[in-house]
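Student: Sequence:
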Amino acid sequence: MAETQIEWTDATWNPVAGCTIVTSGCTHCYAMEMAKRLEAMGVQKYAGLTRRTGKRTVWNGIVREDREALSIPFRWRKSRKIFVNSMSDLFHESVSDAFIRDVWQVMRETPHHNYQILTKRPERMAKLVPTLIGEVLPNVWLGTSIENADVVGRIEHLRQAPAAIRFISFEPLIGSVGAVDLRDIHWAIVGGESGKAARPIREEWIDEIYGQCLSVGTAFFFKQWGTWGKDNKKRSKKANGREYRGRTWDEMPTVPGATL
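With my numbering as the guide, the letters of the sequence shown map in order to residues 1 to 260.
Simulated from the structure, these hints should not be mistaken for lab results. Where is the CB? At the ideal position from N, CA and C, for every residue including glycine. Hints may be right or wrong, so weigh each one.
Cβ-Cβ distance ranges computed for the label pairs, FRET-style [what the hints assert, rightly or not]: (1) 111 x 178: 34 to 44 Å; (2) 7 x 33: 36 to 46 Å; (3) 98 x 204: 14 to 24 Å; (4) 162 x 67: 21 to 31 Å; (5) 43 x 162: 17 to 27 Å; (6) 3 x 105: 20 to 30 Å; (7) 233 x 109: 40 to 50 Å; (8) 252 x 179: 20 to 30 Å.
In silico lysine-lysine, DSS-like type, Cα no more than 27 Å apart, as pairs [claimed, not checked]: (9) 81 x 233; (10) 45 x 234; (11) 81 x 45; (12) 237 x 196; (13) 238 x 196; (14) 81 x 234; (15) 81 x 127; (16) 196 x 234; (17) 45 x 55; (18) 230 x 36; (19) 55 x 233; (20) 238 x 81; (21) 234 x 55; (22) 36 x 196; (23) 55 x 36; (24) 55 x 238; (25) 55 x 196; (26) 127 x 78; (27) 196 x 233.
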């Protein structure tokens, strides 16, 4: 587990390492370059998880379950919001049902933390959570990533997953998502892409999501403009900042019975 600069969480915990590109939102995933960097630093967990293609580092499909990492949350006495698998996807097809159950057991035994699980494979999550887990833990938030209208179907799978809090990360937002049904979705995170090859974000795409959050009472969190500002000019992430509609948006979900 490590402290993080991700604006909507406090720390990251990676019991799984490695992943596979599934849709266009994965194209410039920061975790691929980070895994390569960690391998170069001698972190064995990330050795051999990526390959080079042209000038890019990409996942090669190897996924590792890190059983030693399961003990880490117990060492944190202070309550934290914890992003689970910032360097992978807990519901990747190569992660065993048994290991997912063990991760859930850790979260069950550490109720002072709030765990944020974000997946691009919500269909597997929707199938496994009711059958494999069979209970709703108030400290476990379930979410999915949506980058454009091509993958809005993930919302229906997310809605089928029993959870105290359901959330969507519209990041990197690389296209309009159109009209989406945010009923029973408690939190929306919106953000543009960062890095040299970042794709632009448009203010009207953010407006679509903001308006739909407002209409159903979904908490709205604007993470960043990223490399492209609202004036469609490229700058550093820091220079573009986080301001939208004249302010920063750091809303968090509130659900009866959940510990936030």
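Student: Cβ-Cβ distance between residue 252 and residue 179: within 20 to 30 Å?
Tutor: Since the Cβ atoms of residue 252 and residue 179 sit about 25 Å apart, the hinted range of 20 to 30 Å holds.
Student: Within 27 Å, alpha carbon to alpha carbon, are residue 55 and residue 233?
Tutor: Holds - the C-alpha atoms of residue 233 and residue 55 are around 24 Å apart, at most 27 Å.
Student: Is the straight-line distance between the alpha-carbon of residue 234 and that of residue 55 27 Å or less?
Tutor: Answer holds: residue 234 to residue 55 is near 21 Å, not above 27 Å.
Student: Does the structure keep residue 36 and residue 196 at a Cα separation of 27 Å or less?
Tutor: holds (17 Å)
Student: Does the hinted range 20 to 30 Å hold for residue 3 and residue 105 at CB?
Tutor: holds (24 Å)
Student: Mind checking the alpha carbons of residue 55 and residue 238 for me, to see if they're no more than 27 Å apart?
Tutor: holds (25 Å)
Student: Keeping to a limit of 27 Å between CA atoms, is the pair of residue 237 and residue 196 held or broken?
Tutor: holds (11 Å)
Student: Quickly compare the C-alpha distance for residue 55 and residue 196 to 27 Å and report which way the hint goes.
Tutor: holds (12 Å)
Student: Please work out if residue 81 and residue 234 have their alpha carbons no farther apart than 27 Å.
Tutor: It is violated: about 32 Å lies between the C-alpha atoms, which goes past 27 Å.
Student: Has the given pair, residue 45 with residue 55, been kept, meaning a C-alpha gap of at most 27 Å?
Tutor: holds (23 Å)
Student: Just to be sure I understand the hint, the distance between the Cβ atoms of residue 7 and residue 33 should be within 36 to 46 Å; is that true here?
Tutor: Given range 36 to 46 Å: violated, Cβ gap about 20 Å.
Student: Below or equal to 27 Å on CA atoms is what counts here, so check residue 238 against residue 81.
Tutor: Holds: residue 238 and residue 81 sit about 23 Å apart, inside 27 Å.
Hints 2, 3, 5, 9, 10, 14, 18, 26, counting from the list given before, are not met by this structure.
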